[in-house]
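Peer 1: Based on the hints, put chain B in the right spot on chain A.
As you go down the protein sequences, you meet chains A and B in turn.
Numbering follows numbering that gives the first Met the number 0, in which position 224 of the first sequence is assigned residue number 223; successive positions increment by one, without gaps.
Numbering follows numbering that gives the first Met the number 0, in which position 36 of the second sequence is assigned residue number 35; successive positions increment by one, without gaps.
These are calculated hints, taken from the structure and not from any lab test.
Pairs of lysine-lysine residues, derived as DSBU-like cross-links and limited to a Cα-Cα distance of at most 30 Å, are as follows:
#  : chain 1 : residue 1 : chain 2 : residue 2
1  : B       : Lys91     : B       : Lys115
2  : A       : Lys2      : B       : Lys91
3  : A       : Lys57     : A       : Lys142
4  : B       : Lys115    : A       : Lys2
5  : B       : Lys115    : B       : Lys25
6  : A       : Lys125    : A       : Lys142
7  : A       : Lys144    : A       : Lys125
8  : A       : Lys57     : A       : Lys144
9  : B       : Lys115    : A       : Lys217
10 : A       : Lys217    : A       : Lys2
11 : A       : Lys57     : A       : Lys125
12 : A       : Lys2      : B       : Lys92
13 : B       : Lys179    : B       : Lys25
14 : B       : Lys115    : B       : Lys92
15 : A       : Lys217    : B       : Lys92
16 : B       : Lys179    : B       : Lys115
17 : B       : Lys92     : B       : Lys179
18 : B       : Lys91     : A       : Lys217
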Amino acid sequence: MTKVRYLLSEAMDNIRANRTTTVIALATTSFTMLGMGVFLLLYLNLQGALGSLREEIKVMVYLRDAMAPRAFAELRAHVSRDPAVAGVEFVSREQALATFRAQFPSEERLLNGLGENPFPASLVIKVSAAYRSSEAVGALVQKLKVLPEVDEVVYSRDWIENLAASLRYLEMLGLGVGAVLAVAMVTILANTIRLTLYARREEVQILRLIGATAGFIKTPFVLEGAILGGAGAACSLLLLRVVFTVAETKMAVKGAFWGLGREMAFLPGRVAVAILILGIALGCLGSLVSLTHLRDVRN
Amino acid sequence: MIEVFHVFKMYQGRSALHDVSLRVEKGEFVFLTGPSGAGKTTLLRLIFCADVPDEGQILVNNRNLAHITESQVPYLRRTMGFVFQDFRLLPKKTVFDNVALALKVVGVPEGLLRAKVSDVLRELGLDHRQGALPATLSAGEQQRVCLARAIVNDPQILLADEPTGNLDARLAGEILELMKTVNARGTTVVVATHNQDLVHRLRRRVVALDEGRVVGDGVSDA
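Only chain A is shown next, with the shape it has when bound in the complex (with noise of 0.2 Å):
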């Protein structure tokens, strides 16, 4: 317990002997992990979008006209039995004109001149969850234009996959930027370390002298890395707060995350702790890489 305690003295002495060093060490950590923070929370959301994207996927078959209704029938209870369909939803010519009706009153006019309905009836069909990928919808489209009664097939394909292929980019620079700033921020703890290092030297000097363990001369060091990393981590997750606060208010569609129906959402509270985690476990690693110079202090 003696040595507990003492350890974890000498780690708050240090910090306290470097003030500065420590608040320009701990300004940047925050500042580094705040640029991991925005990545993060921008590929999350992104994701998150694509997902509730994802569970929107419609294919919308239309129908050649001139069908029997029980050839309606038993077109849906052929189409109902893919095990990559959910559900399917049959849409009559009428409904269709309908729901057109509803939806644009003002092209009316237009209805009118055409004379006869011009929409052909149509089946709406939900993807089940297992087949939303590009390849399992592309094989269930396959298979509904071949068959006689369809006359066209459409589904939102191209623009959910570049949805998709963005983020897959957005997620590859999310990690290269994260680790040029991780090596960065190790970088700047190992600096204050090492500088915290050389102020004590003599201490150190004398603590072997003294029979100290090398654990027991650099655990003070690395507690010290592990405050400055989890301190910075919590202050860049205040500074993310803040900055999330901010961007949702400027961007003025509260509710709705860039018109794509999903709610902007902070970082969840597991998120947040493995940032905390991160934070301390690269102070400690800064702490360690600057502690292989601990060598070159002579006895």
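Peer 2: Positioned in the frame of chain A, the structure of chain B alone reads:
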């Protein structure tokens, strides 16, 4: 207790120790004497594993230092106490904390630690200076704090490198008397000094070194 067998050590092309052999028995008080550069400090550094000999072997408590790993060095050093000419006290820690450090390193419980530090400070006449910082102490007091830190752990061996180098004759005598007391309790004491007056104050064994060689081994005439 300490056995040195045909030890050679070179520093920057210069021979610091040349074929040095020596045996110090348990409970002995030995002066290592000689002019500056004779090899006294080098020999002490080899005994406490701050360096390794180029040739030869050293045994401390029957342990061959050549076979001690880096991680075992701290445990060997816990059996020794060190006193230096420049005291090597931590300037930002009080007298009490400087002495207590030697016990914290080995994980002595708080209650026992307080008792042991208070005892040793009282014994060395420093109990009234417990809360003082080293910078506010006289040179003699600082050396006594250094001695207190060296003996608080009841070491088997006390190594002192020019312990009176920064002290006047009266204070040097005081420190020597304290080391004599420590020796009387059974601790082996090795004092490196070039101060012949100090050597002649006690009738003890003297090993003379010159240019890295043992040039004399006998008892001083007090």
